[in-house]
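**Student:** In order, the protein sequences belong to chains A and B. Start counting the first sequence at 224; every next residue gets the next number (the numbering used here). Start counting the second sequence at 24; every next residue gets the next number (the numbering used here).
Calculated directly from the structure, the hints in this document are not laboratory data. There's no promise every hint is true.
Cross-link-like lysine to aspartate or glutamate pairs, in silico, EDC-like; alpha carbons within 20 Å at most [what the hints assert, rightly or not]: (1) K246/A with E127/B; (2) K169/B with D197/B; (3) K246/A with E339/A; (4) K341/A with E155/B; (5) K341/A with E489/A; (6) K246/A with E489/A; (7) K169/B with D353/A; (8) K341/A with D353/A; (9) K341/A with E277/A; (10) K54/B with E489/A; (11) K341/A with E127/B; (12) K341/A with E198/B; (13) K54/B with E97/B; (14) K338/A with E489/A; (15) K169/B with E158/B; (16) K338/A with D353/A; (17) K169/B with E155/B; (18) K169/B with E147/B; (19) K338/A with E127/B; (20) K338/A with D197/B; (21) K338/A with D355/A; (22) K246/A with E97/B; (23) K338/A with E277/A; (24) K341/A with E121/B; (25) K338/A with E121/B.
Partial selection, computed: residues in chain A whose CB lies under 7 Å from chain B [to be verified]: (26) A230; (27) A233; (28) L296; (29) E297; (30) Y348; (31) S352; (32) R354.
Quick caveat, the model's predicted, so the values are computed rather than measured. We treat Cβ as the ideally placed atom computed from N, Cα and C, and that holds for glycine.
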Amino acid sequence: MSPRWRAVWAVVRKDLRVALGSKAVTVPFAVVPAFFMFAMPLAVALAAPFAAREAATVTELFETVSPALVASLEGLDDAQRVVTLGIVYMLAPLFLVVPLMVANVLAADSFAGEKERKTLEVLVYSPLSDRDLVLAKMLSAWLPAVGVGLASFVVYAVTANAAAWPVMGRIFVPTPMWLVLIAWVMPAVAAVGLGAAVIVSARVSTFQEAYQVGGVVVLPIVALVIAQATGVIYFSTWLVAALGAVLWLAAAVMLRLGARSLRRTELVSRL
Amino acid sequence: MKSPGASEAASASGAAPVVVARGLTRRFGDKVAVDGLDLEVGRGELCALLGHNGAGKTTTLRMLAGVLAPSAGEARVFGLSPVEDGPAVRSRLGVLPEHHGLEERLTARQNLRYAAELYGYPEERLAGRVEEMLERFGLLDVGDEKAGVFSRGMKQRLALARALLHEPELLFLDEPTAGLDPIASRQVTETLRELSAGGGRTALICTHDLTLAQRVCDRVVVMRRGRLVALGSPRELAERLPHGRLLLGVGEGQVEMAAQVVRGVAPEAAAEPSPDGAGELLVTRLPAGATPALVAALVGAGVDVHRVEPAQATLEDVYFGLYGEAA
Chain A
224 MSPRWRAVWA VVRKDLRVAL GSKAVTVPFA VVPAFFMFAM PLAVALAAPF
274 AAREAATVTE LFETVSPALV ASLEGLDDAQ RVVTLGIVYM LAPLFLVVPL
324 MVANVLAADS FAGEKERKTL EVLVYSPLSD RDLVLAKMLS AWLPAVGVGL
374 ASFVVYAVTA NAAAWPVMGR IFVPTPMWLV LIAWVMPAVA AVGLGAAVIV
424 SARVSTFQEA YQVGGVVVLP IVALVIAQAT GVIYFSTWLV AALGAVLWLA
474 AAVMLRLGAR SLRRTELVSR L
Chain B
24 MKSPGASEAA SASGAAPVVV ARGLTRRFGD KVAVDGLDLE VGRGELCALL
74 GHNGAGKTTT LRMLAGVLAP SAGEARVFGL SPVEDGPAVR SRLGVLPEHH
124 GLEERLTARQ NLRYAAELYG YPEERLAGRV EEMLERFGLL DVGDEKAGVF
174 SRGMKQRLAL ARALLHEPEL LFLDEPTAGL DPIASRQVTE TLRELSAGGG
224 RTALICTHDL TLAQRVCDRV VVMRRGRLVA LGSPRELAER LPHGRLLLGV
274 GEGQVEMAAQ VVRGVAPEAA AEPSPDGAGE LLVTRLPAGA TPALVAALVG
324 AGVDVHRVEP AQATLEDVYF GLYGEAA
């Protein structure tokens, strides 16, 4: 490995090691994925057969969602429709909370946290070029976010398929839409979370401030959940692909803006 | 501003100076942090940067390291431009920041390993070098403990070990003894002496510790409001003092009375009982040529003066002389 990449990886490893040494980081890391990726699909899979017994409930559930979504569930019985609606569609946008949160927490610890701990000066005086310094800092939040996102998806898929097996009788996750979500949208969401944290971190002085202010990026995801639940949109493969493109564009703009605050001269002014 | 004798050390050794600054200036808005600094530091030289907070010492180091661009003037370090060749300059530089900058959630070993990787230290020698530095700085037994639990002195030693780990040719040390107890402070001082004597390393040391500067440094740069106001060895600077330092031997119980007379004759002078002996009064910042009048006034006031001895001026006298009473 070239000395340049060795130094970049040293920063990535150090940031991750330091972040995992803090409960403010590890607690959300454990709780959020466990809730969204394990508890929620389990609850939906177990509750679906009971919900399907009430015809009124099933009718009510499908009244509000998009007709195109309802059409995509044709050929399934009521219990299978409830499971697919919940696990394949409704929880899909919520899955994005995981990489978003991980990137946001790690970036907040990496940027604002380093400023708070007064360790920035060591990095500023290191031989890393400005470009490598930005690259190292970005990778140190983005790569773990994508890694945790992938691991969370595996947990989600295993939990959903196992818990819903009595109803579905087959492996139904991942669907093509989920594959696009994982391969295309999830890395973009992690980049958006990173970009938000970098921009916010330049303007605050502590990890907690950066984490809390940067947390507002979760609001668009809440909006997606509501939009799908009320029939405004439905997570078709094409819509998810388009959503990914928009997110990559947003991430590029945010990271470009954020990178300016990571230039040496900017970092020095904040020491 | 041209600094007198700026290149003496470099020219004496015949080698090219390691650090050269020509008219180095840095402005932050209307404020001039460093104002036309001219300086040369030769190989193996330990040079102290003295001055109040805000005098421009740290800004100077930052410009020399290429982490802050000068507003005017230029710098060369190892013959390279810190602005254009920042990574190359910094790879040969060891830095001890004012705050130790250690990752307190990492162990001492992890902190050193991280620094070694940042500086591209050869992997095959890295583990041995980390152990060597831990041992040298008395931290071998606590190598696997997190730096956060260390005392201030241990942290400073670890930070110094980190600065030296990659065997840099040039050291920038910002307040290396700040906040240390006397024993830890002495350890740091001894380490710097060893580096200078054995390692031939060049160092720029920002410090308020005048004793450290006097004991360890070959040359001293005094900065005030961004300008270089004095440069030379501690002895040279003391010899250039326009005022003197006098040791007076007076009768038993007459030290306080003598001090009052000194204050009457030379209000700008300071008079304190000598720490070296009873019945002795140390007079500093005495205007040149004032000694005869002072002795006459003491005798006239009934003070039994049995000894009048010029004393060796210290860097502290120089510093206070340059900064005046307000210092």
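**Student:** So, for every hint listed, does it hold in this structure?
**Tutor:** Do the hints match the structure? See the list:
1. K246/A with E127/B: holds, 14 Å
2. K169/B with D197/B: Judged against 20 Å, a Cα distance of about 23 Å means the pair is violated.
3. K246/A with E339/A: holds, 16 Å
4. K341/A with E155/B: With a Cα-Cα distance of about 26 Å, the restraint between K341/A and E155/B is violated, given a limit of 20 Å.
5. K341/A with E489/A: Measuring from Cα to Cα gives roughly 15 Å; hence the hint holds.
6. K246/A with E489/A: Not OK: K246/A and E489/A at ~29 Å, beyond 20 Å, violated.
7. K169/B with D353/A: Distance ~29 Å between K169/B and D353/A Cα, so the pair is violated.
8. K341/A with D353/A: Measuring from Cα to Cα gives roughly 19 Å; hence the hint holds.
9. K341/A with E277/A: Answer violated: K341/A to E277/A is near 60 Å, above 20 Å.
10. K54/B with E489/A: holds, 18 Å
11. K341/A with E127/B: Judged against 20 Å, a Cα distance of about 10 Å means the pair holds.
12. K341/A with E198/B: Given that 20 Å is the threshold and the Cα spacing comes to 15 Å, the pair holds.
13. K54/B with E97/B: holds, 19 Å
14. K338/A with E489/A: Distance ~12 Å between K338/A and E489/A Cα, so the pair holds.
15. K169/B with E158/B: Holds, at about 17 Å.
16. K338/A with D353/A: Measuring from Cα to Cα gives roughly 17 Å; hence the hint holds.
17. K169/B with E155/B: holds, 18 Å
18. K169/B with E147/B: violated, 25 Å
19. K338/A with E127/B: holds, 13 Å
20. K338/A with D197/B: holds, 18 Å
21. K338/A with D355/A: OK: K338/A and D355/A at ~18 Å, within 20 Å.
22. K246/A with E97/B: Given pair K246/A, E97/B is violated - Cα atoms ~47 Å apart, limit 20 Å.
23. K338/A with E277/A: Between K338/A and E277/A the Cα gap is close to 56 Å, so the pair fails against 20 Å, i.e. violated.
24. K341/A with E121/B: holds, 10 Å
25. K338/A with E121/B: holds, 14 Å
26. A230: holds, 5 Å
27. A233: holds, 4 Å
28. L296: violated, 49 Å
29. E297: With a closest approach of 55 Å, the E297/A hint is violated.
30. Y348: holds, 4 Å
31. S352: Nearest chain B Cβ about 5 Å off; hint holds.
32. R354: Result: violated, 10 Å to nearest chain B Cβ.
Hint compliance for this structure: hints 2, 4, 6, 7, 9, 18, 22, 23, 28, 29 and 32 are broken, all remaining hints hold.
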